[in-house]
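Trainee: Reading the sequence shown from the start, the letters are residues 1 to 238 in UniProt numbering.
Derived pair list, reagent style DMTMM-like, types lysine to aspartate or glutamate, alpha-carbon separation capped at 25 Å: (1) Lys192 / Glu139; (2) Lys125 / Asp157; (3) Lys49 / Asp202; (4) Lys74 / Glu24; (5) Lys165 / Glu221.
It should be emphasised that the hints constitute simulated quantities derived from the structure, not laboratory data.
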Amino acid sequence: MERQAPRKYLVVEPGADGAVSVTEMKRWCRQNPDRRPPNTDPDRGNSQKLARAFGYAGWSVELTATEVRISPSKEAAVQAAAVLDAESEPLEDEGESSEETAFALERQLQDFMVSNLRAIPVNGKRLRLHVDETSDGVEYPTSSNRRIDILARDEDDNFIVFELKRGQAPDSAIGQLLNYMGWVKLNLAKDKQVTGVIVARDISERMREAIVMTTNITLFEYQLRFELSAISQATATA
1 MERQAPRKYL VVEPGADGAV SVTEMKRWCR QNPDRRPPNT DPDRGNSQKL ARAFGYAGWS
61 VELTATEVRI SPSKEAAVQA AAVLDAESEP LEDEGESSEE TAFALERQLQ DFMVSNLRAI
121 PVNGKRLRLH VDETSDGVEY PTSSNRRIDI LARDEDDNFI VFELKRGQAP DSAIGQLLNY
181 MGWVKLNLAK DKQVTGVIVA RDISERMREA IVMTTNITLF EYQLRFELSA ISQATATA
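With these hints in hand, go ahead and build the complete structure from the sequences.
Mentor: So this is what it looks like as structure tokens:
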């Protein structure tokens, strides 16, 4: 099967004269440091996380067959699409690419965790998002320009660091999580405890063995469930 070319990440802004400005996302961030999402660095991290940061900052992020288009608002995205797609022939829907599916699954997992955080006890205690002047607890930035997927607090104000993996959690996830936990301990927690949580589709036996040596990392597996509902055929209207 022919490998699909990676999507281009573009910042698309309509102008007052009806023209459309199209700039490669990371180049745009370098050119507009005062407008890019806070606590982001275009020269560090991958394009997916940077695009997600735009979405959290209120920008519109739209996927096409070949591009990820980022616009200041939904209205701007519609206006830009009308110009960019005016001369394009319609494309048949061949299904989502692996990149698009992965991007969507990771975002959906994060959204689910945030929406149901109070129903996910850790160490027997209910959680809430850690909110401060830096972030609302989602994609919390660290000093190394890396982002904690979810940063929460429990009933005793102890910190909970979540690392989310859409598939099988690699062994390196523990090292990554410990790095985040150390940063939180040094910069936020002070005398409070810090617990790490890895949430993945599949947790390996090696990872289960690794956490035997630590008491402050918890593992969760998630499951996807699908329900099918029969839909009747259309009937003639009177």
